[in-house]
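Protein chains: 2
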Amino acid sequence: MPTIVVEVMPKAELLDPQGKAIAGALARTGRGDFQVRQGKRFELTAPGDEISQDLLDHVREIAADVLSNSVIEDVVAVRVVSDAEHHAHTGA
Amino acid sequence: MPTIVVEVMPKAELLDPQGKAIAGALARTGRGDFQVRQGKRFELTAPGDEISQDLLDHVREIAADVLSNSVIEDVVAVRVVSDAEHHAHTGA
Chain A
5 MPTIVVEVMP
15 KAELLDPQGK
25 AIAGALARTG
35 RGDFQVRQGK
45 RFELTAPGDE
55 ISQDLLDHVR
65 EIAADVLSNS
75 VIEDVVAVRV
85 VSDAEHHAHT
95 GA
Chain B
5 MPTIVVEVMP
15 KAELLDPQGK
25 AIAGALARTG
35 RGDFQVRQGK
45 RFELTAPGDE
55 ISQDLLDHVR
65 EIAADVLSNS
75 VIEDVVAVRV
85 VSDAEHHAHT
95 GA
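The listed protein sequences derive, respectively, from chains A and B.
Quick note: to get the numbering used here, add 4 to the position in the first sequence (first position is 1).
Quick note: to get the numbering used here, add 4 to the position in the second sequence (first position is 1).
In case anyone wonders, no lab produced these hints; they're calculated from the structure.
Be aware that one or more of the hints could be misleading.
No distinction is drawn between identical chains; accordingly, a pair holds when it is met within one copy or between any pair of copies.
Claimed, not checked - As a list, the in silico DMTMM-like pairs of lysine to aspartate or glutamate whose alpha-carbon atoms are at most 25 Å apart:
1) Lys24 / Glu65
2) Lys15 / Asp53
3) Lys24 / Asp53
4) Lys15 / Asp37
5) Lys15 / Asp58
6) Lys24 / Asp58
7) Lys24 / Asp37
8) Lys24 / Asp61
Pulled out of the complex, with its shape left as it was, chain A reads as follows (with noise of 0.2 Å):
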C-alpha cells in the first residue's frame, strides 16, 4: 500500500524550546555543539495500491490543516516514499 510522508518543522524565525533542549543535553553531555530543531513526521498510508495526483494533493491539504499550525510550523515535505524505503523499517 503507498504511504506518503509529511514532515513538518516549526518555523525558522520561531524559538523552538524541545531543539534547544536536545542541543544543551548533547553539549553537557561531551556529544559536540549541534543546532537542533525538532518537528514531526507523519506516515499515511492510504488504501488502494497507487497515489494518484488527486490523493497526493489531498494529503497536502491534510499537510496544511491538520497535521501542522500553520501559524509556527512549516510543511517541509510532503513525499511518497518507495516500498522498499517503507519496509526496511517496519519489516514487512
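Start from chain A and add chain B according to the hints.
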C-alpha cells in the same frame, strides 16, 4: 552550514495512539480513510563547512542514544540535506 536530518518513528509492531487519534480525526471530518503513524524529525546543524564520514557516524550514535528510545522507536533515516532543501523552508 551542513544539516543532518534524523527521522524517528514508533516501531511498527507497537500501538501509536497519536497516529490513531489523527486517523480518527481525519475519518470523522470526512477527509478519508488513512492509517497514520506519528514520529519525529530532527535537524542537527554542525559548525564547519562540510560533513565528514566521522561526523555522520557520530550523529548516527546520537540518533540511537539520545534522539530515540530503542525500546519503542526506530531510527528510520539519518541523511544529509542539501542547502537548497534546507533553505527552501528556513528562508535563509
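For this session: Mind listing which of the numbered hints don't hold for this structure, in increasing order?
Result: 5
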